[in-house]
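2 protein chains.
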Amino acid sequence: MKYLVRIAYLGEKFYGFQYQPGRRTVQGELNRVCEQIFGGVCRVTGCSRTDRGVSARDFCISIEPPEGAPRIPARKLPLAALPFLPRDLVFVSARIVPESFHPRYDVKTKEYRYVIRCSPTPDPFLAGQVWEYPVTLPKNALPRMREAAAHFLGKHDFAAFMAQGSDVKDTTRTVFCMKVLKKGKLITVSITGDGFLYNMVRIIAGTLLDVGSGKLEPDDIPSIIASKERKRAGVTAPPEGLCLWKVSY
Amino acid sequence: MKYLVRIAYLGEKFYGFQYQPGRRTVQGELNRVCEQIFGGVCRVTGCSRTDRGVSARDFCISIEPPEGAPRIPARKLPLAALPFLPRDLVFVSARIVPESFHPRYDVKTKEYRYVIRCSPTPDPFLAGQVWEYPVTLPKNALPRMREAAAHFLGKHDFAAFMAQGSDVKDTTRTVFCMKVLKKGKLITVSITGDGFLYNMVRIIAGTLLDVGSGKLEPDDIPSIIASKERKRAGVTAPPEGLCLWKVSY
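Protein chains in written order, with this note's numbering: chain A, 12 to 260; chain B, 12 to 260.
By construction, these hints were calculated from the structure, which means they are not laboratory data.
Glycine residues also receive a C-beta, built at the ideal position from the N, C-alpha and C atoms.
Be a bit skeptical, because a hint or two may be false.
Taking lysine-lysine pairs in the DSBU-like style, the calculated list, with each CA pair at most 30 Å apart, reads [what the hints assert, rightly or not]:
1) B:150 to B:190
2) A:196 to B:150
3) A:194 to B:257
4) B:87 to A:193
5) B:24 to A:24
6) A:196 to B:196
7) A:257 to B:150
8) B:196 to A:194
9) B:193 to A:193
The following residues of chain A were derived to be distant from chain B, with all beta-carbon distances above 10 Å [stated by the list, open to error]:
10) 13
11) 43
12) 54
13) 63
14) 108
15) 135
16) 147
17) 148
18) 152
19) 155
20) 177
21) 193
22) 234
23) 238
24) 241
The following block holds chain A by itself, in its conformation from the complex (with noise of 0.2 Å):
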């Protein structure tokens, strides 16, 4: 029996998705809240591996519960784990697959969306959830951060967007959809991709506000891409304006 939940949670109090012993994960805390609701240790296996203060609003988990465990119906899933679960994680949807569902090796798309707030202040109902970021931009900064978004259209080998120090040997992804949208104060940069790089949604979006703030230029970031090299690209932006919107199958 496997089941895929999908589940949201607010990442500024988790050291991101994967267990680590000691410390306060996503995983740790799923195992744990698993075992309660099974009864037993379960066995559960993420789509991704967020890092620390990365949020998400759709990640898919598999659990497969032990023999002779409580067959508890999908629908009721959510409800079942709510008593166990913190209050900053929460199963949103369960059904069952087949037991040769990977939630990692089956995605098809990602799509993650980094927010930007531009104000002098912060806003403490958003603290965690949003790149707080004070500079005020040029006015240009949108239509700029636009034309450079489409320049990450399409496969690439996106190496010069890739955490240094990551061992990942194909480098190559392909960014099926960008999207760069103002709303009152926040600038969302929605990216949705079949696969990602260590880092690479933050990278793109430390890339794209240099292009909004004029440190780059929009076609600056073909020969970036072509460059492979990290040191081209613009600054990681900070985790806690990331957040994992949605994966597909």
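Fit chain B to the given chain A structure using the hints.
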């Protein structure tokens, strides 16, 4: 010298606005912050007393620094305060007002918003900012709530909508505007009036939800108001859904 400062705070970690020794209150934090900015004890006066757990997006305070304190230009005050403020409290804007100005007595209208989130599972991103209401409402809940809401408009004796034990003499208030809006899972009740009795907005929100769920009829409202009996009205909705949204002078 008297400043009028518009502040915002997330209420969940405060024991309300008003200073209480040994407890974390908004006024307590403001006293400390103002003393740090101006180098001496300031007189801090609020526009209202919000309860424990209630938030504000536009709460107004006056600050009177002591004699001889540094003369900080009003427009610089929000940034001057920033290093001393906790993350759930922010100075949004400031201006100089005449000595005669009083942030409570000079209020013309206040708008409160009460947000109910209708879903079986809570939203971690809105923890402490909405009333999580896990019961499914009937399909006609919204039009019924709107019909009921209209009965609150105008000048009434709202004694039935005041927490028992209050010792206010004049319980007549005027409601200028009532809106019941739905966006996704969120129902927002917006109430603008010249003033509000203790717990009045929370009792109105609870009563409207009783109409939405079918426990009361929209046309019950006039007779509940006329009765002046607290027990005829609905439950007091919990504090976390309430936010002081706008104060006008």
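Okay, the hints, checked on the actual structure:
1. B:150 to B:190: Since the Cα atoms of residue 150 of chain B and residue 190 of chain B sit roughly 18 Å apart, the hinted pair holds (cutoff 30 Å).
2. A:196 to B:150: 35 Å, violated
3. A:194 to B:257: 20 Å, holds
4. B:87 to A:193: Holds, because 26 Å separates the two Cα atoms, which is no more than 30 Å.
5. B:24 to A:24: At roughly 16 Å apart (the allowed maximum being 30 Å), residue 24 of chain A and residue 24 of chain B satisfy the hint.
6. A:196 to B:196: 24 Å, holds
7. A:257 to B:150: With a Cα-Cα distance of about 28 Å, the restraint between residue 257 of chain A and residue 150 of chain B holds, given a limit of 30 Å.
8. B:196 to A:194: 20 Å, holds
9. B:193 to A:193: Satisfied, since the Cα-Cα distance of roughly 23 Å is no more than 30 Å.
10. 13: 21 Å, holds
11. 43: 17 Å, holds
12. 54: 23 Å, holds
13. 63: Holds: least Cβ distance 16 Å, greater than 10 Å.
14. 108: With a cut-off of 10 Å, residue 108 of chain A remains clear of chain B, as the shortest Cβ separation is near 20 Å.
15. 135: 4 Å, violated
16. 147: 13 Å, holds
17. 148: 18 Å, holds
18. 152: Given a closest Cβ separation of 21 Å, the condition holds.
19. 155: 27 Å, holds
20. 177: 29 Å, holds
21. 193: 19 Å, holds
22. 234: Holds, because the least Cβ-Cβ distance between residue 234 of chain A and chain B comes to about 38 Å, which exceeds 10 Å.
23. 238: The claim stands: residue 238 of chain A keeps its Cβ more than 10 Å from every Cβ of chain B (closest is about 37 Å).
24. 241: At roughly 31 Å from the nearest Cβ of chain B, residue 241 of chain A sits farther out than 10 Å, so the non-interface label holds.
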